[in-house]
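The listed protein sequences derive, respectively, from chains A and L.
Read left to right, the first sequence gives residues 1 to 133 (this note's numbering).
Read left to right, the second sequence gives residues 1 to 133 (this note's numbering).
If you are wondering where the hints come from, they were derived from the structure by calculation, not from laboratory data.
This structure is a prediction, so every number in the text was calculated from the model and none was measured.
A hint or two may mislead.
Which copy is meant is left open, because identical chains are indistinguishable; a pair holds if it fits in one copy or across any two.
The calculated lysine-lysine pairs, modelled on BS3-like cross-linking and capped at a C-alpha distance of 30 Å, are [stated by the list, open to error]:
1. Lys-31 to Lys-8
2. Lys-16 to Lys-31
3. Lys-54 to Lys-16
4. Lys-31 to Lys-54
Chain by chain, the residues run as shown.
Protein chains: 2
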Amino acid sequence: MLGVSFYKERIISNPKGDIFHIIKKSSDGFKGFGEAYFTTIHQGVVKGWKRHFKMTLNLAVPVGEVEFVVYNETEFETYTLSASNYGRITIEPNLWVAFRGIGEDNLIINIANISHSPDEAENRELEEIDYEW
Amino acid sequence: MLGVSFYKERIISNPKGDIFHIIKKSSDGFKGFGEAYFTTIHQGVVKGWKRHFKMTLNLAVPVGEVEFVVYNETEFETYTLSASNYGRITIEPNLWVAFRGIGEDNLIINIANISHSPDEAENRELEEIDYEW
Chain A
1 MLGVSFYKER
11 IISNPKGDIF
21 HIIKKSSDGF
31 KGFGEAYFTT
41 IHQGVVKGWK
51 RHFKMTLNLA
61 VPVGEVEFVV
71 YNETEFETYT
81 LSASNYGRIT
91 IEPNLWVAFR
101 GIGEDNLIIN
111 IANISHSPDE
121 AENRELEEID
131 YEW
Chain L
1 MLGVSFYKER
11 IISNPKGDIF
21 HIIKKSSDGF
31 KGFGEAYFTT
41 IHQGVVKGWK
51 RHFKMTLNLA
61 VPVGEVEFVV
71 YNETEFETYT
81 LSASNYGRIT
91 IEPNLWVAFR
101 GIGEDNLIIN
111 IANISHSPDE
121 AENRELEEID
131 YEW
């Protein structure tokens, strides 16, 4: 789908604890830095739908497993991220996004090009977009 | 200690899963964006010592608990971060850093002002700096 990309990111094994790349200034999909924050999502629960007008999301899941659904008013695309299917998805503005927690504990990081502002996003109730969860 | 600061960061409670602020472009201690990566550290294990010449670290711990020790060749300072003692520490360059995993699983994020490069850091063995772990 136009505006959504998955990038495999490197995991560096270390006997004391692994290192997981997220994003560099030079990475494809990097659109500047505005804010970094974590979101958690409980098992079986869905957050969404939300559409940003300006924010490009760069998402990775280091703990648990999360299913992201992106909707462009015509079609849906799903991406399932976890530590074992590790990588980053870049989601450009103007796409509807919802996500569901699959693991017991689920952690998402977003490296966003702008700081959070309620003015640049709109929400729809889960039922307002016809997707079979 | 000069060059090290702790900032309390906000946790936004949400019945579907909480949100944890890490850092914004406008935050104190933000020195530009070069790279974001995760480090894990196993329980009871210490990684260190490492000193960066150019990198400013911005560290937060969303999972587990981690004890960070900073050394400026004169004195030591310790910071223990976790989801329950949540916040961010900014560590400027030219300070020795080591850290120990306390929780069962421990996750650290670093929002760094430059991308990783082995040229701008030096390492010492754990025993080379006399600290009682």
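Status of each hint after checking the structure:
Taking CA atoms no more than 30 Å apart as the test, Lys-31 paired with Lys-8 passes in both settings, with 18 Å inside one copy and 27 Å between copies. For the homomeric pair Lys-16 and Lys-31, the shortest alpha-carbon distance between copies (29 Å) is at most 30 Å, but the shortest distance inside one copy (33 Å) is not. When the C-alpha separation of Lys-54 and Lys-16 is checked against a cutoff of 30 Å, the pair qualifies only between copies, where the shortest distance is 24 Å, while the shortest distance within a copy is 39 Å. Taking CA atoms no more than 30 Å apart as the test, Lys-31 paired with Lys-54 passes in both settings, with 11 Å inside one copy and 23 Å between copies.
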